[in-house]
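Protein chains: 2
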Amino acid sequence: MSDFPLLRGWHFLQIPGPSNTPGRVLRALSKPTLDHRSPEFGILTKNILLRLKKVFKTTGDIIVYPSSGTGAWEAALINLFDPGDKIIGCETGHFAVLWKNLAEKIGLEIEWIEGDWRQGAEAAKIEELLNKDKEHVIKGVMVVHNETSTGITSNIPAIRTALDRSKHPALLLVDVVSSLATTAFAQDDWGVDVAICASQKGFMMPPGLGFNSINAKAVNASKQSKSVHSYWRWDRILEMNETGYYPYTPASGLFFGLDEALTMIEEEGLDNLVARHKRLAAACRAATAKWGLENQCLNPDEYSDSTTALIIPNGYNADELRKYILTYLNMSLGSGLGKLKSKVFRLGHLGDFNELMLMGMLSGVEMGFEKMRIPYQKGGVQAAMDFLTNSADS
Amino acid sequence: MSDFPLLRGWHFLQIPGPSNTPGRVLRALSKPTLDHRSPEFGILTKNILLRLKKVFKTTGDIIVYPSSGTGAWEAALINLFDPGDKIIGCETGHFAVLWKNLAEKIGLEIEWIEGDWRQGAEAAKIEELLNKDKEHVIKGVMVVHNETSTGITSNIPAIRTALDRSKHPALLLVDVVSSLATTAFAQDDWGVDVAICASQKGFMMPPGLGFNSINAKAVNASKQSKSVHSYWRWDRILEMNETGYYPYTPASGLFFGLDEALTMIEEEGLDNLVARHKRLAAACRAATAKWGLENQCLNPDEYSDSTTALIIPNGYNADELRKYILTYLNMSLGSGLGKLKSKVFRLGHLGDFNELMLMGMLSGVEMGFEKMRIPYQKGGVQAAMDFLTNSADS
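Line order of the protein sequences matches chains A and B.
Just so we're aligned, residue 103 is where the first sequence starts under the numbering used here, counting upward by one.
Just so we're aligned, residue 103 is where the second sequence starts under the numbering used here, counting upward by one.
In case anyone wonders, no lab produced these hints; they're calculated from the structure.
All figures in this text were calculated on a predicted structure; none of them were measured in a lab.
Ideal placement from N, C-alpha and C gives every residue a C-beta, glycine not left out.
Be aware that a few hints might be false.
[Stated by the list, open to error] No farther apart than 35 Å at their CA atoms in a straight line, the calculated lysine-lysine pairs in the DSBU-like style are these: (1) A/Lys480 with B/Lys480; (2) B/Lys133 with A/Lys148; (3) A/Lys425 with A/Lys380; (4) A/Lys425 with A/Lys443; (5) A/Lys392 with B/Lys473; (6) A/Lys445 with B/Lys133; (7) B/Lys473 with A/Lys380; (8) B/Lys380 with A/Lys392.
[To be verified] To list a few chain A residues with every Cβ distance to chain B over 12 Å, as calculated: (9) His138; (10) Arg220; (11) Trp292; (12) Gln326; (13) Leu364; (14) Glu370; (15) Pro402; (16) Ser437; (17) Gly440.
[As the list claims (entries may be wrong)] What follows is a list of derived Cβ distance ranges for each label pair: (18) B/Ser437 with A/Glu396: 43 to 53 Å; (19) A/Asn419 with B/Ala226: 52 to 62 Å; (20) A/Asp337 with B/Thr365: 30 to 40 Å; (21) A/Pro477 with B/His113: 47 to 57 Å; (22) A/Glu396 with B/Lys443: 49 to 59 Å; (23) A/Thr429 with B/Gly125: 52 to 62 Å; (24) B/Glu368 with A/Gly417: 41 to 51 Å; (25) A/Thr429 with B/Glu368: 17 to 27 Å; (26) B/Lys443 with A/Ala260: 51 to 61 Å.
Using the sequences and the accompanying hints, generate a full structural model.
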């Protein structure tokens, strides 16, 4: 083995996002930069905003920021809440913790529902806290729909039911960064007041765009907020969006790519897209079950369709496996985050992804196990092929 | 199964060329068209011609045509021979037959060494014909180095030895379309007078450029030719190439891509590149052997490192398998050509190709067998993984 062999062929970008950007989107992104005050950009924006609503399944408003997903998290919180306000957070994994840390930094007080990072947000515990809060001090509930760090999808409708049963007016904020356009999501039907997303997962785009999808209740709440901030203000953006523009320079080049990505999503149809992710994720789990590696997600009802996080056997280092696979097999896998560092590795199976890309990915993992002498049961790749050929969809 | 599902993710272009064009080359190809009489183009051309010589391993001259490989075949013949001239052809497969047909159309007389398309060109039979030709009526020998239609690589040094032993002055013309930059080839060391190539195989480029790599003996012979032709004339091109230009409009945009492809070949190094192809081809054959499908190539010494042609079991149709795999698994495989139609299908494993692309390809074939109920032995994909993890190179 040479230390750094030169690699050829496709790089398998199998982290749980940024996902693989399709050639069509890359070509759209390569259009010459345009004037963001031109009629062309106004038309492009208005068109994109309308189409985004169909992806979020909302009749509300969509704010597009030149930001990362973290920026979109902050935007949602700072538009809605004031320092000292109390909100509920659910410890589903690393990203839930990061969001909580951010909320604390901007002065919010968090009612933290601790978790073991092996299951989704617990609706019953949320309901219990809301029921106790007779004076409606709690202003919001924040939940990560798909925890990218653990491969666990929380049941958002169950949480909405908890809010409804407790007759509590708290706002429901949901991080859909790695679930939107990979997993079923319906903002209006599910009563989500703010959905937070970013461009680099289901949208198959490079990072750079953050989204707040907000309903009327959220807009009204934002009008009461006394937080001091400017960049993230929904009101200024909503006002200018009416004519298709932004109060500051938008990441206009990325809009070209998003436009093409939306076309691809529309061509496939959200139902088909979700079914494809479900089928490929199930094939992935057929492999991991055969290997005998433990899934970080304990509850099969909460298995993620965009990410599978696997626990490396005791005494082995997940990062060494990842390093081997990156160096010799030209594939990036996700690392264990936070307290899962070196103990977990993550397979991303989202976005512009298909059967043979999945098989390439799984073969790389299985060969990695073999080369790094990690205890596993052979036959995972075969199990995934068996799953795919036995399932009805192809 | 829906009839034409919309496919997502990478298209696995596993025909034996055109091969997958890497992003770097695509981006180079997207440069704005330049003036082919500008100083910039002259410098680009001279640089490319120098670097091409290292790939062909020659100190001779390289002619680059705006043409397909077929054009480059005709160019070589029409520059060297006159109507009525006799040359030897070897029936290694479909492309050898096409080349012969072309030669006949331009008036050449072919001494045709028949073959069964299951082995390479026979040096002994060439030697026999040359030995009989005491008056040196035979002007040339044309051989296809790697028969893309059958996955068979002929032994060119053995044919050179046949020429040398018979002390016959016939020119040696070799089609290296699918062998150059995939398989060991050394024009000068092997005494090849004209090597014919095209851009869409080992060069990882789209089709559109044809090559004639010619030594001094070939150039001298071309000066005696009385064939009536203009477009393909070496003399005019050689003369203008001295300053980096062409007598007519070259496919200048493709030169940008070729420049980048040459950089990629140089970065990897030809020895490493050839070793990579050899290793991936051997892994492919580990799978096909396990499946129990018969290789069209009978002689293991002649297995191609760029293409594997497999015979479909009796009573089954290779094109139906290919259609299923294209429609449902987003992969193009090569069809059986000429008399092999529907009986053979071909796997291309050349160019910008790696382990996990190979595994994706093999998984697609194995799943295709399963879905189309083609008799095969499971475990081919596993066998390829075993080969790759047991071989020393990674």
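Check your understanding: Honestly, do A/Glu396 and B/Lys443 meet the 49 to 59 Å range at C-beta?
Key -> holds (50 Å)
Review point. Are the Cα positions of B/Lys473 and A/Lys380 separated by 35 Å at most?
Key: holds (20 Å)
Exercise for review: Take the C-alpha atoms of B/Lys133 and A/Lys148, compute the straight-line distance between them, and say whether it is at most 35 Å.
Suggested key: holds (31 Å)
**Study point:** Given hint A/Lys380 paired with A/Lys425 - CA-CA distance at most 35 Å
**Key:** With Cα atoms ~28 Å apart, A/Lys425 and A/Lys380 stay inside 35 Å; holds.
Review point. Keeping to a limit of 35 Å between CA atoms, is the pair of A/Lys392 and B/Lys473 held or broken?
Key: Holds, because 22 Å separates the two Cα atoms, which is no more than 35 Å.
Exercise for review: Verify that the Cβ of A/Arg220 lies farther than 12 Å from every Cβ atom of chain B, and report whether the claim holds or is violated.
Suggested key: Correct as stated: the minimum Cβ-Cβ distance to chain B is 30 Å, above 12 Å.
Check your understanding: Does the structure keep B/Lys380 and A/Lys392 at a Cα separation of 35 Å or less?
Key -> holds (31 Å)
Practice item. Could you tell me whether the CB distance from A/Thr429 to B/Gly125 stays inside 52 to 62 Å? Key: violated (20 Å)
Review point. Is the Cβ of A/Trp292 more than 12 Å away from each Cβ in chain B?
Key: Consistent with the label, A/Trp292 stays out of reach of chain B, its closest Cβ about 26 Å off (over 12 Å).
**Study point:** A/Thr429 paired with B/Glu368, Cβ distance criterion 17 to 27 Å
**Key:** Cβ of A/Thr429 to Cβ of B/Glu368: about 22 Å, so the range 17 to 27 Å holds.
Exercise for review: Could you tell me whether the CB distance from A/Asp337 to B/Thr365 stays inside 30 to 40 Å?
Suggested key: violated (52 Å)
Review point. Regarding the pair A/Lys445 and B/Lys133, is the alpha-carbon distance no greater than 35 Å?
Key: violated (46 Å)
This entry does not satisfy hints 6, 14, 20, 21 and 23, going by the numbered hints stated previously.
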